[in-house]
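Chemist: Residues per chain, in single letters:
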Amino acid sequence: MLEIKNLRAGIEGREILKGINLTINKGEIHAIMGPNGSGKSTLAKVLAGHPQYEVTGGEIIYEGRNLLEMAPDERAREGVFMAFQYPIEVPGVSNAQFLRLAYNEKRKHLGEEELDPLEFKDLLKERAKVVEMDASFMTRSVNEGFSGGEKKRNEILQMAVLEPKLAVLDETDSGLDIDALRVVANGVNQLFTPENAIIVVTHYQRLLNYIVPHFVHVLADGLIAREGGKELALELEAKGYDWIRTVDKGAGAPAN
Amino acid sequence: MVTELVKSENSYQAAFRSVRPTLAWLELVRNSAMDRFEQLGFPSVKEEDWKYTNLATLAKEEFVPVTSGSTDVREVEGYPETAETHLVVVDGFLREDLSTKTGLGDVVAIDLFSAAEDARYNKIVRKYLARNAGYHNNGLTALNTAFLQSGVFLWIPKNVKLERPMQITFVADAGANFPRLLVVAEENSSATLIESFVSSHSGKYFTNAVAEIVVKDGAQLEHYRVQRESNNSYHVSTTSAELGRSSRYDTTSINLGAQLSRHDVSVVMDHEGAETAVDGLYMVGSDQHSDTHSVIDHKQPHCTSHQLYKGILDGNGRAVFNGKVFVREGAQKTDAQQTNKNLLLSDKARVDTKPQLEIYADDVKCAHGAAVGQIDPEELFYLEARGIGPELGRSLLTYGFAEEVIGKIKIDSIRTQLDEFVLRQLHTGIVLAAD
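Protein sequences, first through last, are from chains L and D. Per the working numbering, the very first residue in the first sequence carries number 1; after that it's consecutive. Per the working numbering, the very first residue in the second sequence carries number 257; after that it's consecutive.
A hint or two may mislead.
What the hints assert, rightly or not - Quick list of in silico lysine-lysine cross-link-like pairs, BS3-like style, CA-CA up to 27 Å:
(1) K460/D with K307/D
(2) K307/D with K589/D
(3) K121/L with K589/D
(4) K472/D with K666/D
(5) K580/D with K555/D
(6) K589/D with K555/D
(7) K125/L with K664/D
(8) K597/D with K121/L
(9) K621/D with K604/D
Keep in mind that the hints were calculated from the coordinates and are not lab data. Quantities reported herein were computed from a predicted structural model and do not represent experimental measurements.
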């Protein structure tokens, strides 16, 4: 589904990703871990197409297409979804309006019929159960006045509505208390199918107790320093990230 | 004061003499207003309050004032909510033949001139007419007052609470027209009034409207003003309100039309415990100019004023916002908030904003601010990341910007109308259902 080859990228002329290689197949959950500044969030933002991040080398092939040639909105309509670390507030636009517009833009793109407000309302009501969200959130402006936890749940609600093929969760656990974490993780697990793939970007192992990854990749200084199964996350939890920095680069590092 | 003097006889002076004389005291008012206009003329950019709005072309146009109420207009649509409470004023003349008053209950809505002649109302008219919208310092108000020939007298008697909203549609057809409105909401009454300014065509004309509003002790008035004049017209208007003790006056002014529009809104709180919300939205497209000057005057303690004005400017559109809030000596415990926010959709658009607070009391809660900005790229990216393309995203964010004002409007069909207008202006095919 996704093949990242020797990806180099940065922001404002500063290189952050220094040659990432990563292959993700459908039906897989991958965790990207690493200390602050290792490039985790940069990778997520490059996948989503954030305009401030510049790709300086390598390629990303998504479903056989060059992802880097696709505009962010086209990526989204083709099934790439990033749950934001800091979801943006959109004053004056209700959650329901926003979601219906996004949903219908995708339907149009796929040549499917758009849903009218009533049809969409039913769909939304159904999907909102995934993150146990109350109907009152639908009429409120997108993320405006939402608590940190509510914003993250709202991200997963968007994922539930848009049904991406590839979901990238950028530090979705940050700022969540244990109850909200459980709700969010439970929502993500319900949305995971053999036909899609999920990338969980996180600093802490905590979230991975709930969303259990098939593969763990540890970034350090813009490179994949270590790769393994879910037990690698536990090892990190016990030993911290300093340990990664002192060992040899793992199999994910590019050959120099 | 430096002004452009009116020298040779112009179209206004000529028409003035053709107006049918009526009550002696009204004739005195009209004559003195005409004298004042002749002295003051149209305001000039040399005056501080007119620095950014140039009426020179308007003054040169010499529009011919409409002096009879016989313009051929067959039907004027109002909002569904006002099907039985809809007054129609054409070129400044109240048209009973086009109005529907069956739902007004005890509220009196009649021709301002008839009211002046009617023993039941003449004292009220005489007391309040030309009181809040004085013509001694303002050539435009003077001109409107000089052409007092009809207009609307709206009287909400004591303790009367009218649930359904009332609407006055001012239709402009040609020349210069001078709509005049006097609203008196007596003690503990409550009502909702919508003023709509429209035209039957897209031509060039001049509307000069004055509304005076008296909200007495304990009364409540919700007031909407929707200006959708022809994009080739001139629209200048004054709304002046005085508030009684513990009264409430909420007004929202929507300015969408006219090539050049200017709205002077003032609220005077000379009794304790009055509350007001003075909100507005102006949408200015290419070749349009919209100017709002507001004065909110706290003269007594324990009054509250909240003001939110938002502007959306596209093309080479220009807007002016000047908001003065006075907190007079002794007006303790005043709560005054004033905000003006502008969204520029084009590099050529320009706005001049000047919120001003003058405080002469020490125990008050006051804040004011102004902002001019463009679409936030982070917000736009968020929408793109959900599959909403940049063009549609910009429209959605603009719509959201306007919604802070539109969303507060309590009349469903005004909200729907404005939503449609905003989205149409943004050239999008999106339909956003209210939820």
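Chemist: Now tell me, hint by hint, if it's right for this structure.
Modeler: Right, here's what the structure says about each hint:
1. K460/D with K307/D: holds, 24 Å
2. K307/D with K589/D: violated, 34 Å
3. K121/L with K589/D: Since the Cα atoms of K121/L and K589/D sit roughly 46 Å apart, the hinted pair is violated (cutoff 27 Å).
4. K472/D with K666/D: Roughly 22 Å between the alpha carbons, so the hint for K472/D and K666/D holds.
5. K580/D with K555/D: holds, 14 Å
6. K589/D with K555/D: Measuring from Cα to Cα gives roughly 11 Å; hence the hint holds.
7. K125/L with K664/D: holds, 26 Å
8. K597/D with K121/L: violated, 33 Å
9. K621/D with K604/D: violated, 37 Å
Comparing the model with each earlier hint shows violations of hints 2, 3, 8 and 9; every other hint is respected.
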